[in-house]
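Going line by line, the protein sequences match chains A and B.
The first sequence begins at 1 in this note's numbering and counts up one residue at a time.
The second sequence begins at 1 in this note's numbering and counts up one residue at a time.
FYI, nobody ran anything at the bench for these hints, they're computed from the structure.
For every residue, glycine included, the Cβ atom is placed at its ideal position computed from N, Cα and C.
Honestly, I wouldn't trust all of these hints.
Said to hold, decoys possible - Computed spacing ranges between beta-carbons, pair by pair: (1) B:E53 to A:S70: 26 to 32 angstroms; (2) B:V14 to A:S111: 40 to 46 angstroms; (3) A:S80 to B:N7: 37 to 43 angstroms; (4) A:P79 to B:T112: 16 to 22 angstroms; (5) A:S26 to B:E62: 23 to 29 angstroms; (6) A:S84 to B:Q3: 35 to 41 angstroms; (7) A:K77 to B:K65: 30 to 36 angstroms.
Said to hold, decoys possible - Residues from chain A shown here face chain B by an in silico Cβ test under 8 angstroms; the list is partial: (8) R42; (9) I51; (10) V57; (11) Y61; (12) G62; (13) F106.
What the hints assert, rightly or not - Dumping the calculated SDA-like pairs for lysine to any residue here, alpha-carbon to alpha-carbon at most 20 angstroms: (14) A:K49 to B:D98; (15) B:K57 to A:I103; (16) A:K77 to B:D98; (17) A:K69 to A:L48; (18) B:K57 to A:Q2; (19) A:K49 to B:K71; (20) A:K77 to A:I103; (21) B:K71 to B:R108; (22) A:K49 to A:F63; (23) B:K57 to A:Y102; (24) A:K22 to B:K65; (25) A:K49 to B:R97; (26) A:K49 to B:R44; (27) B:K65 to B:R108.
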Amino acid sequence: AQSVAQPEDQVNVAEGNPLTVKCTYSVSGNPYLFWYVQYPNRGLQFLLKYITGDNLVKGSYGFEAEFNKSQTSFHLKKPSALVSDSALYFCAVRGGASGGSYIPTFGRGTSLIVHP
Amino acid sequence: EAQVTQNPRYLITVTGKKLTVTCSQNMNHEYMSWYRQDPGLGLRQIYYSMNVEVTDKGDVPEGYKVSRKEKRNFPLILESPSPNQTSLYFCASSRERDYEQYFGPGTRLTVT
Chain A
1 AQSVAQPEDQ
11 VNVAEGNPLT
21 VKCTYSVSGN
31 PYLFWYVQYP
41 NRGLQFLLKY
51 ITGDNLVKGS
61 YGFEAEFNKS
71 QTSFHLKKPS
81 ALVSDSALYF
91 CAVRGGASGG
101 SYIPTFGRGT
111 SLIVHP
Chain B
1 EAQVTQNPRY
11 LITVTGKKLT
21 VTCSQNMNHE
31 YMSWYRQDPG
41 LGLRQIYYSM
51 NVEVTDKGDV
61 PEGYKVSRKE
71 KRNFPLILES
81 PSPNQTSLYF
91 CASSRERDYE
101 QYFGPGTRLT
111 VT
């Protein structure tokens, strides 16, 4: 069965500092990986995805993520955090045509708090 | 404006009283799905639809029904709601299965 782990329930970072939100996954075959952000009382918004190609993926709002096949990780990063980045972040994985489930599996979410 | 809409946004009901949560998208997307979000569990997919008249179970389909008679609409039906279905529900759509999903604003359901 496929799975996603977001090992940190909460990440605290000072404004202007780099941030990392961690995600590791387990899936059969090649993974389709996604990051979404959820602001209070809102639905999830897509940030970025990895399906194939360059391991470094750039997305919305200055976020990027690095796909690491050997470590089965897809950590979300941003060089300089903003207070407005404070939100709940979800990593998601699903299998591709080579195996795994087409039903996406979401992590439990990581609350990012950026302090002024 | 491209969007996914859900109604109602908030609903309090009693055990056993049938209810429907509507979902509509204006992006001509093929793929639609329903999720529930519970604290500490993330999002779990209830049902999904690849196209009109094509639906399939997700990870937690028990107690729910869906239909896809039109491309833009994907209602979620709870025939006999129970307290364990108290949750935050999201509808989502995407151009195709492999693409990123667009989420609605959510429906907070309380079953007493």
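Comparing the hints with the structure gives:
In this structure the supplied range 26 to 32 angstroms is violated for E53 of chain B paired with S70 of chain A, their Cβ-Cβ distance being about 43 angstroms. For V14 of chain B and S111 of chain A, the hinted distance range of 40 to 46 angstroms is not satisfied, since their beta carbons lie about 33 angstroms from each other. Checked against the hint of 37 to 43 angstroms, the pair S80 of chain A and N7 of chain B passes, with Cβ atoms roughly 39 angstroms apart. For P79 of chain A and T112 of chain B, the hinted distance range of 16 to 22 angstroms is not satisfied, since their beta carbons lie about 48 angstroms from each other.
Look at S26 of chain A against E62 of chain B: about 25 angstroms separates their beta carbons, and that is inside 23 to 29 angstroms. The hinted range of 35 to 41 angstroms is not satisfied by S84 of chain A and Q3 of chain B, whose Cβ atoms lie roughly 22 angstroms apart. Separated by about 41 angstroms at the C-beta atoms, K77 of chain A and K65 of chain B break the suggested range of 30 to 36 angstroms. The interface hint given for R42 of chain A is met, as the beta carbon of that residue sits about 6 angstroms from the closest beta carbon of chain B, less than 8 angstroms.
Interface hint at I51 of chain A: satisfied, since its Cβ lies 7 angstroms from the closest Cβ of chain B, which is below the 8 angstroms cut-off. Because the smallest distance between the Cβ of V57 of chain A and any Cβ of chain B comes to about 12 angstroms, over 8 angstroms, the interface hint for this residue is violated. Here the hint on Y61 of chain A is broken, as its CB sits about 14 angstroms from the closest CB of chain B, past 8 angstroms. For G62 of chain A, the interface hint is violated, since its Cβ never comes within 8 angstroms of a Cβ in chain B; the closest pair sits about 18 angstroms apart.
Proximity of F106 of chain A to chain B holds as hinted, the smallest CB-CB distance being about 4 angstroms (cut-off 8 angstroms). Under the criterion of a C-alpha separation no larger than 20 angstroms, the hint pairing K49 of chain A with D98 of chain B is consistent with the structure, at around 10 angstroms. This hinted pair checks out: K57 of chain B and I103 of chain A have alpha carbons roughly 9 angstroms apart, not beyond 20 angstroms. At roughly 23 angstroms between alpha-carbon atoms, K77 of chain A and D98 of chain B are farther apart than 20 angstroms, so this suggested pair is violated.
As the CA atoms of K69 of chain A and L48 of chain A are separated by approximately 17 angstroms, the hinted pair is consistent with the 20 angstroms bound. Restraint check: the Cα-Cα separation between K57 of chain B and Q2 of chain A comes to about 16 angstroms, which is no more than 20 angstroms; the hinted pair holds. A C-alpha spacing of about 25 angstroms is found between K49 of chain A and K71 of chain B, which places the hinted pair above 20 angstroms, so the restraint is violated. Using a Cα cut-off of 20 angstroms, the hinted pair K77 of chain A and I103 of chain A is violated, with the two alpha carbons roughly 25 angstroms apart.
For the suggested pair K71 of chain B and R108 of chain B, the alpha carbons sit about 24 angstroms apart, so the restraint of at most 20 angstroms is broken. For a cut-off of 20 angstroms, the pair hint linking K49 of chain A to F63 of chain A stands: about 11 angstroms separates their Cα positions. For the suggested pair K57 of chain B and Y102 of chain A, the alpha carbons sit about 11 angstroms apart, so the restraint of at most 20 angstroms is met. About 35 angstroms separates the Cα atoms of K22 of chain A and K65 of chain B, which puts this hinted pair outside 20 angstroms; it is violated.
Of the supplied pair hints, the one linking K49 of chain A and R97 of chain B holds, its CA atoms being roughly 13 angstroms apart against a limit of 20 angstroms. Restraint check for K49 of chain A and R44 of chain B: satisfied, since their Cα atoms lie roughly 19 angstroms apart, inside the 20 angstroms limit. Proposed proximity of K65 of chain B and R108 of chain B is supported: the alpha carbons are some 18 angstroms apart, at most 20 angstroms.
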